[in-house]
Amino acid sequence: MLWQVAIRTLLADRGKLLAGLLGVAFSVLLVNLQGGLFLGLIGKASLLVHQGNADIWVGHREMHNVDFPHDIPRRWLPRIRAAQGVLAAEPITIGFSEIALPTGGFEGVTVFGVEPHSEIAPPWEIIEGHADALDHPHAVVVDQYDQEKLIHPAIGELREIGGVRARIMGKTRGMHGFLVTPYVFTTTDRAAQYTGKPSAHCSYFLVRVAPGADVEETCAAIRQRLPEAEVMPSEEYASVSINYWMTRTGLGISFGAAALLGLLVGLVMVGQTLYAMVLDRLTEFATLKAIGATEREILIVLLGQAAGIASIGIAVGLTAVMLLIAFYDSPQAPLEIPLSMMVVSSSGIFLMCTFASMLPYMRVRRVDAHSVLQS
Amino acid sequence: MLSSTNTSARLPPSLGDFTLNASFNASLSAGHDAAAHRPVAAVKGIRKYYELGGEKRWILRGVDFHVQPGECVILSGPSGSGKSTLLSILGCLLTPDGGELIIDGRAVEKLPPAQQALIRRDLIGFIFQRFQLIRGLSAEENVALPLALQGLPAAEAKRRAGELLARVGLGDHRRAIPTRMSPGQCQRVALARAVITNPKLILADEPTAALDSHAGAEAMNLLRALVKDSGAAAVVVTHDPRILEYADRQCHIENGLLQ
Ligand SMILES: Nc1ncnc2c1ncn2[C@@H]1O[C@H](COP(=O)(O)OP(=O)(O)O)[C@@H](O)[C@H]1O
Ligand SMILES: [Mg+2]
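Here the protein sequences come in this chain order: A and B. Residue numbering for the first sequence is 3 to 377, as defined by this note's numbering. Residue numbering for the second sequence is 47 to 305, as defined by this note's numbering.
Only chain A is shown next, with the shape it has when bound in the complex (with noise of 0.2 Å):
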């Protein structure tokens, strides 16, 4: 019977219950977006290393950037294909130039050179041009998403980039990074050229290992023969890079605030309807505790109504966000809402909700049964 209580207590007043619920709902959508938006933004940071199949990353020491590498001597490879568990090895060459726009300024970008037919390196999906593009003299392919950042560059349209000849010969979709820079994609030895590193140099070694070698003690045995490098997991680089950004630039924070902020508008807008419901019904409540409900009793009403306006708002801004992820496209700022975030999100929102419930049980537990049950 105390649910029937509760539930006719909330039901009493909807114009209150509809405010809490909102707010739940809202809260919902907003945690989910901003969690959604961080995602999908910082999962850009590692779209380098999650794209290819790389299973581990030789660079320099100390790297902790895929996309600011120092450079290293290409006659590292063959240590590195010698060592224990490797099955291939092929290096690649990351660094920054500018394109020569036809209107006649430049764009800052990043090249990004990888072998020949190469197996390890991240594969790009050509929607434009041909699927050999990189066999093409001074061929390189640029992303379809930079189109205007590089004034529409046509296929086989020529161009310099660091004053070397560049010829656009394919289009890949999907290839931005978390960068402003649009990254232009070329062979090795054309991307030492473009960024002006000597053609001894590259910026990793991308590894893969032979199947049933583990890639811990892979590492291991890279290490051995290469001190002076560093080697990781492709995994633990992508979020080397990943906390990279987090960390340097105020993106964790920032994000982090909204979410937080996304959370307490649930607990502020539940805490609030709770307690300006139970004010105008102290003396039910005085009521309950004259006919006997002990303190416990009436803390399970309240509980029983915080979790009742938390999983009904909690479904309706679910369903928000199903709706948004759905309807919303947008490469700048993808979204990324996995299930894991919207079951974290919504648990944590549904605990804040019940927490929400104390401020209301202090009223009550304070009221003056004898004084309010005068009037």
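To be clear, the hints were calculated from the coordinates, so they are not data collected in a lab. Keep in mind that this is a model prediction, so the values were computed, not measured. There's no promise every hint is true.
What the hints assert, rightly or not - Only some residues are given here: those of chain A computed to face chain B with a beta carbon under 10 Å:
id : residue
1  : L4
2  : R10
3  : T285
4  : A288
5  : L290
6  : T296
7  : A371
8  : H372
9  : S373
As the list claims (entries may be wrong) - Straight-line Cα separation of at most 25 Å, SDA-like style, residue types lysine to any residue; simulated pairs:
id : chain 1 : residue 1 : chain 2 : residue 2
10 : A       : K18       : B       : T225
11 : B       : K90       : A       : D370
12 : A       : K18       : B       : K102
13 : B       : K156      : A       : D370
14 : B       : K156      : A       : S373
15 : B       : K156      : A       : E297
16 : B       : K156      : A       : E299
17 : B       : K102      : A       : V369
18 : B       : K102      : A       : E297
19 : B       : K156      : A       : K18
20 : A       : K18       : B       : P224
21 : A       : K18       : B       : R181
22 : B       : K102      : A       : N67
23 : B       : K102      : A       : R368
24 : A       : K18       : B       : R226
25 : B       : K102      : A       : D370
26 : B       : K156      : A       : R298
27 : B       : K102      : A       : R298
28 : B       : K102      : A       : L20
29 : B       : K156      : A       : R368
As the list claims (entries may be wrong) - According to the in silico footprint, chain A covers these stretches of chain B (three or more CB under 8 Å from chain A):
id : stretch
30 : 134–143
31 : 154–164
32 : 180–186
33 : 190–198
No residue lacks a Cβ here, since even glycine has one placed at the ideal position from N, Cα and C.
Given chain A, work out where chain B with the ligands should sit, using these hints.
Just chain B with the ligands, lined up with the frame of chain A:
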């Protein structure tokens, strides 16, 4: 915990029409006299003050009072004399600032709040001037609530509540919500709620003050019948002279002392 015997089961069917005859009441009272050695509730030297602007104002200055099973005591006195305060102390809703409170043989004034809640639940039934029904619940649910708090399954609690409502003449109003009932009907629901658990002590604070004289008389008849039938003790606060005829005993409180 009280015996779960239903109050209403022992009420005469005629109660629905409020034509209780005096001989019936008398026979019941006589039956209870034998068991009435020990007071249901007793206070000794009860003192209570309220703080007003940092100054203590003593409302009760050492009140001695007791009520026996089956007895209906009327507590009268001028407005502001502390009648409600004494009633709240008897009902464990207010802690006295001195003196003893014994309910059903137990000293309760120093018990922790949770224990006092159990005493209210099992031993005491309250009736208020403004009925204090739960607005969202139907008449039947309001009456069933104390039983449900005692742990009775909701269906059984409602069945008994329905029976009792029929006996107090509200058989057709089981599903009605308080805002749809007249004051007289609301007070009858409140009476039913106060007695459904078969409490040993019934405390009523100005139960007729919000009713017209007809409904007031009806409510008092009903209260008296329910009290006499169950052998409970009743303390009724009032300054309505028309009620005095229902009293076994009358106590007058003035200047913080019982006269
Ligand atoms: N909670 C309280 N705080 C301060 N004064 C109170 C409080 N409750 C009652 N009083 C005062 O105590 C006096 C007695 O109150 P009460 O017991 O309600 O009297 P009665 O019921 O006889 O009219 C009144 O003067 C009232 O104003
Ligand atoms: Mg009073």
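Inset, instruction - Just pull the numbers of the violated hints for me, sorted ascending. - result: Numbers 12, 18, 19, 22, 27 and 28, in rising order.
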